[in-house]
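There are 6 protein chains.
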Amino acid sequence: MARLPRLAALTPDDEGWGFFLCSSKELRTGRSGGEFLILTLQDISAQVTAKILGDVTRLQQEFDAGEFVRVDGKASLYNGQIQLLVSSIRRVYPEQDRLEGFREDDCVLSAPRPIDEMWAELMGRVSAMTNAPLRVLLLRVLTDHEAQLREWPAAQAIHHAYRGGFLEHIVKMAEVGTLVAQAYGANHELVLAGVILHDIGKLQELAYEAGQASYTRDGNLVGHIALGLILVRDAASGVSGFPLQLRAELEHLVLSHHGSREHGSPVEPKTVEAFILASVDELDARIHQVRRAIAEDASDGEFTGWHRRLARVLYKGAGES
Amino acid sequence: MARLPRLAALTPDDEGWGFFLCSSKELRTGRSGGEFLILTLQDISAQVTAKILGDVTRLQQEFDAGEFVRVDGKASLYNGQIQLLVSSIRRVYPEQDRLEGFREDDCVLSAPRPIDEMWAELMGRVSAMTNAPLRVLLLRVLTDHEAQLREWPAAQAIHHAYRGGFLEHIVKMAEVGTLVAQAYGANHELVLAGVILHDIGKLQELAYEAGQASYTRDGNLVGHIALGLILVRDAASGVSGFPLQLRAELEHLVLSHHGSREHGSPVEPKTVEAFILASVDELDARIHQVRRAIAEDASDGEFTGWHRRLARVLYKGAGES
Amino acid sequence: MARLPRLAALTPDDEGWGFFLCSSKELRTGRSGGEFLILTLQDISAQVTAKILGDVTRLQQEFDAGEFVRVDGKASLYNGQIQLLVSSIRRVYPEQDRLEGFREDDCVLSAPRPIDEMWAELMGRVSAMTNAPLRVLLLRVLTDHEAQLREWPAAQAIHHAYRGGFLEHIVKMAEVGTLVAQAYGANHELVLAGVILHDIGKLQELAYEAGQASYTRDGNLVGHIALGLILVRDAASGVSGFPLQLRAELEHLVLSHHGSREHGSPVEPKTVEAFILASVDELDARIHQVRRAIAEDASDGEFTGWHRRLARVLYKGAGES
Amino acid sequence: MARLPRLAALTPDDEGWGFFLCSSKELRTGRSGGEFLILTLQDISAQVTAKILGDVTRLQQEFDAGEFVRVDGKASLYNGQIQLLVSSIRRVYPEQDRLEGFREDDCVLSAPRPIDEMWAELMGRVSAMTNAPLRVLLLRVLTDHEAQLREWPAAQAIHHAYRGGFLEHIVKMAEVGTLVAQAYGANHELVLAGVILHDIGKLQELAYEAGQASYTRDGNLVGHIALGLILVRDAASGVSGFPLQLRAELEHLVLSHHGSREHGSPVEPKTVEAFILASVDELDARIHQVRRAIAEDASDGEFTGWHRRLARVLYKGAGES
Amino acid sequence: MARLPRLAALTPDDEGWGFFLCSSKELRTGRSGGEFLILTLQDISAQVTAKILGDVTRLQQEFDAGEFVRVDGKASLYNGQIQLLVSSIRRVYPEQDRLEGFREDDCVLSAPRPIDEMWAELMGRVSAMTNAPLRVLLLRVLTDHEAQLREWPAAQAIHHAYRGGFLEHIVKMAEVGTLVAQAYGANHELVLAGVILHDIGKLQELAYEAGQASYTRDGNLVGHIALGLILVRDAASGVSGFPLQLRAELEHLVLSHHGSREHGSPVEPKTVEAFILASVDELDARIHQVRRAIAEDASDGEFTGWHRRLARVLYKGAGES
Amino acid sequence: MARLPRLAALTPDDEGWGFFLCSSKELRTGRSGGEFLILTLQDISAQVTAKILGDVTRLQQEFDAGEFVRVDGKASLYNGQIQLLVSSIRRVYPEQDRLEGFREDDCVLSAPRPIDEMWAELMGRVSAMTNAPLRVLLLRVLTDHEAQLREWPAAQAIHHAYRGGFLEHIVKMAEVGTLVAQAYGANHELVLAGVILHDIGKLQELAYEAGQASYTRDGNLVGHIALGLILVRDAASGVSGFPLQLRAELEHLVLSHHGSREHGSPVEPKTVEAFILASVDELDARIHQVRRAIAEDASDGEFTGWHRRLARVLYKGAGES
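Going down the list, the protein sequences come from chains A, B, C, D, E and F.
No gaps in the numbering here: position 44 of the first sequence is 47 in this note's numbering, and each next residue is one more.
No gaps in the numbering here: position 25 of the second sequence is 28 in this note's numbering, and each next residue is one more.
No gaps in the numbering here: position 300 of the third sequence is 303 in this note's numbering, and each next residue is one more.
No gaps in the numbering here: position 92 of the fourth sequence is 95 in this note's numbering, and each next residue is one more.
No gaps in the numbering here: position 309 of the fifth sequence is 312 in this note's numbering, and each next residue is one more.
No gaps in the numbering here: position 55 of the sixth sequence is 58 in this note's numbering, and each next residue is one more.
The hints are simulated quantities; they were obtained by calculation from the structure and are not laboratory data.
Everything numeric in this text was worked out from a predicted model, so none of it was measured.
Just so you know, not all the hints are guaranteed correct.
Treat identical chains as interchangeable: a pair holds within one or across any two.
27 Å max Cα-Cα, derived DSS-like pairs, lysine-lysine [unchecked claim]:
{"#": "1", "residue 1": "K28", "residue 2": "K319"}
{"#": "2", "residue 1": "K319", "residue 2": "K54"}
{"#": "3", "residue 1": "K319", "residue 2": "K77"}
{"#": "4", "residue 1": "K77", "residue 2": "K28"}
{"#": "5", "residue 1": "K54", "residue 2": "K28"}
Bound-form chain A, shown alone (with noise of 0.2 Å):
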């Protein structure tokens, strides 16, 4: 049996054999008595929706959710979206299955950039800050959270949800919001160091294993935007000398970052730099979910079907005029 493609290009009655990163795993009864299994299985560069519909009561024993796994199967479509039907399934045993090339690295859904050159690309504007205090805590908070900041996506599922993702959206704003504060004669460097911190308390709120994030108990019961804030009131401390306007001015730009109190902001913005870090914060993340939704959609049309968060259709054909 030959091997399966990369998801992003399985098309209906591919057939054959992968490795995988089994996401989700769910039991259902069916209506005439049997039961059928629900997986969604990932690589590097999508996720597809999977079932196992026959010999399950020995197949649900081969693997867990969170598990890699080794997958026989045929492509078809569901209601106009792609799936996978499985004949056989078990967990990946990684010594063995490397002979026949399963790499870890290969079976999880990460950014399109290279997570190394996005790693670079930001410790280089880090590095290159002329305002010390601030330099310095950002060089230490990038070094303690390095491991994290390059492994974990944005956000649970609204943008940039995949490996490297955190770090492909913090990138790209350290890159827009870096010419915005100097086109505007604002302070850039407080903007980047905005842009870094901004979402950092997620490293605290939310627990990420296996492709799978989940809320802490901090996560649930303080939040990203307090848990920033304590991590930055932190570090400030860690800076012998670390002026006091500075750290305010720091702290209001992690607190007022969603842009208003009823986006979940607890201050709102008081300064130009927490004005373009909101509002950069902002178009990322759309832009991110428009692109993202242009690009699974699977229609003929001009038009994307209606996009549920933001309530309308998207235009598929814009910037080819």
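Position chains B, C, D, E and F relative to chain A; hints supplied.
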């Protein structure tokens, strides 16, 4: 000349002298060329507007906003409100004026219940708590901030806006919050802790001087909800072995006590205790507002005039049936 | 075959027979042509979903929604929820089945506290009131509607949705409302009257049969707030010399108890008692909702799943610290 | 001295005497020490602001708000509005002043159409109704409240705020509501009943004296929507055999006529007739508001000044094309 | 086999054949492996859901969505809604099937009133207008778009969603708008023009084919309000000497007819005519929605089921009293 | 007498003469009978309030609002704001006054950056565009409206409210919009076109005379968003072969640039370019507003006074850390 009565008892045509705190002072230019002064004077019982219409150039040198003053004047009605027309004024010379009965405490608008009595009640509640780490944390916070907690108002203008108002608000909430929590079998010690800590960030949000509160830098840029969180986190770090789960629940109480995001809480109540705290805080502020509006209303009918903030009139006859 | 345990204690693979109230019954056509039945069964402790997959044509003749039934079945898990697969079912024949232990009261989902006990507590509170016209009015209303007040749920679905729930809601609010009113020196007998009367219009808004509530014509066209008003006006007319001012305050309590116009109150609270009533009603419903969500949540973590109505997850660990 | 023209025809520099109703009177203290009086004067055609700048101490004894007055004065412009500078004023002595042409009706701001004519039209509509119980009920209500219905304004300030305004509002709504109901084949007699009864509760909500409306106790605590409901329920009880279904529909009309809960209706329209009533009520009030703003606007351009309540300017040229 | 009745008259167990328009067709995979088809069929009187459970592979070749079809089937109830179980289906062969009575018009869901009659009424109204430039403009617009105006529905789904629905909506609004404008002495010809033009942009916003409307590129990117504006501006340019003031008022009517900005009008009504148009449009849509919900409701009681869009139940007994 | 400094540099007690534009003039009656005049005077750098307290009858003949004036006066503080007390004033006689240095441009409040420089930058951006039809269209629009585009303010009062403000807003948005579009790989020429055209309808919405903007008939009845659409449609018609898809995208940008319906956009952004345009427009206006509030704030602290429109105070220390 006779001594004026307490301001709460002032009636039109009362004439005499008295000691007051001058909490605001504004120079206005009259249209016919002359200038006059508008003041706010307070004593322990109330505050009134006062005017200096003659000899302005000389008298305005004699005192500043924020100082205690000795005033000669006569009460009159202006648009249905009592006011004081000042014929003479000078700053207090404490040593000399004490001989005539000047006491700072008599000149500062204050909570009706004695501060020592409220403080003792609060300390009693805390000392009786069975949850040791919580008790230790609260005692430290109370001890560290005793001076402020005894003196401060609860808010700049909306409710409990006088000396001891902060404490009055906490003590009443402690009573009610404990009763409600017990009625529901909720953790009443946790509710009590929430009551004491929920507005603790205001001690850094505001600076309070001579009867006037103003926002600090951190107050404007960080805000009392986030400042309160930091204070709780720091206090918990200072109690060795303070349970992480308890810390999260405490912080949740502080962060969620406005009840919803549009009222400025970055996280919304997720525990029974948090629902109780937000409810008791809201109700206490509302009742205080209603009663003050009724007390200050000078009209004849069963209802007050229009209350702009509550967007309604209030019933003055309630409770007498 | 063994007798099944109480529904609240049912676990997967329990098998046996029991008496229940069937509160809903729906026929569905399966895709492979066959039909099956979806039922809701309840006993005093809980309600569960049940399915009849075989012998449908015959079994559906054997009972109707709203009837007590005798069921043979086996418990299983379906999407994490317990359900009962029914192999045999028939309506109860009271005389015969009483021999096997059938009792109506055991088959209707009910408040945890005994109804007689709650009723006695409420009557005790009213009998102790010093305001004579108010006491007379309340005793008449309670006497006239005793049967309904003892049996009804407090709401169709949102909170206290079981036998005795209406009474449970009133009794708890009476306790809390009295405490709060006393703490604030408000008219606690007026608050108690508001507690008893605030939802009295629901007795005409809803028709309640066999565990199922439905809206009446007046319920839909007039609504419980306005129906409650009429009932209070009529009751006051029946007490000779009932003071007009007291009547207005009572009616105000009924009309304003939702707290604001957007929640359906045509007038908003204008007295301290009305603010207390609206606050206590809201809090009691919210706490009931939170505790039910926590009790029904079957997941492992510290938090419940997403609560659609409250738009948040809830903390299950609260109170244990 | 000449007699002043009707107030609607007053122009700057007109000088003379006239009879008016003084509907408000306020004493203000000028900054240079002197006092002056601000009055509102009205006659059948309009109302204007008036000022008494000299001889205040004596003149303020000569009349009170709510009295008819004889005034000497001169018109002038103040910030683009016409006002009357009063040189002399006294209360009317009816017997003596009638000789000079004083008539109460000429001094009260009134609807443009004669009240008798409007009343006759309304009675004609009701008498022609074929639904007997409805006709009987309406005739009783109209007869019982004839005096108020003929005299009252429709609202304190927003629209139809003059003598006969209530009746004018009902008569025009009766005309339009009937036409619309017939066009849609709806029950036009039910709509007519809704028109007549929708604001009937205002007769108890407000007390109306000498051109000034004020809220009653029941008006503030119960409100006109609920008071209207009670009036309808009582009226229906007084018609033997009044159908319950019809009563529910009538009550629904009264309760839902504000169209939505946030506008104060505790139930929202659920019948075609209720949708028509809410629509016709809203439109009639809006048109009256627009036309009054256009009539009162003194500026030159095609548009009025900013209308605060409607939050827009209005087009004065409309309809002339 | 007998011929099926009109769909509006279909009852469970009716069996036979008929001609319909198939307006949607969707293939679904059943859980036991088999596939089935879900269709929407319509005739002049109603539309129903249909299912093909057997012989799917062959039958799905026999027709497409958007085609007229000949169907053999049997009616049944599914969750309280009537549906058609199809045993055989094929596309219509017009020539041959006309012999058996096939007529396109009978198979398309249509307004209840004959289109020719509605069109004649509308042309009559316009021809009688005295404002010459307005009459000329309207006649041109009507003539240019006659074909579409006669055929189109008024909206995709919310109201008047069938052949001739657009015309039905205009004709009824013309009747009501004229009556209301005359009652208020407003410019009724201007209102009539607003009625005819208010949704004219929908002719470019939507593309309508075989009973199915879809949004065009300009429809999605520009929208019918702005498209209508352009059409009016162009039409006015085509009438020499068309007054600029009249053009502005017309354009204002088109732009403001949703009544407020949050409903999509970039300018809000500033003339009496604009208030009338917005009110009449809203009411006509609402009444149509209410009546359709009542007509389609299959339940027994006095009220319909929950109406999701209107967020309420509706009273079915209204008007019968 | 000395010449006064630029208004931006005026300090209390400065005395002398100067040339200004008088942009408003209002006569007020003082309470002691006398009248005085309130003026707004501007020069290139700022605008101030001025008062004429003496010799009013004669001086008010000497000039009108909208004229350039020669003023003698003295600066003073009034409620913390600088104002000019005018002792003498007359309209400018250009020929004669030029000898003393009068220049129209010096007397009109203007953008800080030279207009010629901004215009050249904008024309440079457009000339460099590679999309030929878009470039042709933009060059025509810019050429046709050059005079207005160089002179007009961006808005009546909220931001960029001075000569050249419109151009300043466009030029800055062009810079930022291009950078952001390039960063996201969006169509930056389309964004540039959107920037230039988004407010183009304001050229017809407003009439601008002597430093004062007022709404035109089309401005009030049609509004700048719809007027901009018509202008774009006409301009596209004037470029032969202008692609329909491009036209739709351009029109979408103009219509959607307020970002949401409640802000007045009849369609909401559906393309990445439209999201960028709305974001950049909002941010540019916001930053201008913040900086103007900071510049105009005369207080001592780190924060401005309360900003009514933004509903917050603003941080003046930002950026200096």
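Exercise. Which hint numbers does the structure go against, in order from smallest to largest?
Worked result: 2, 3
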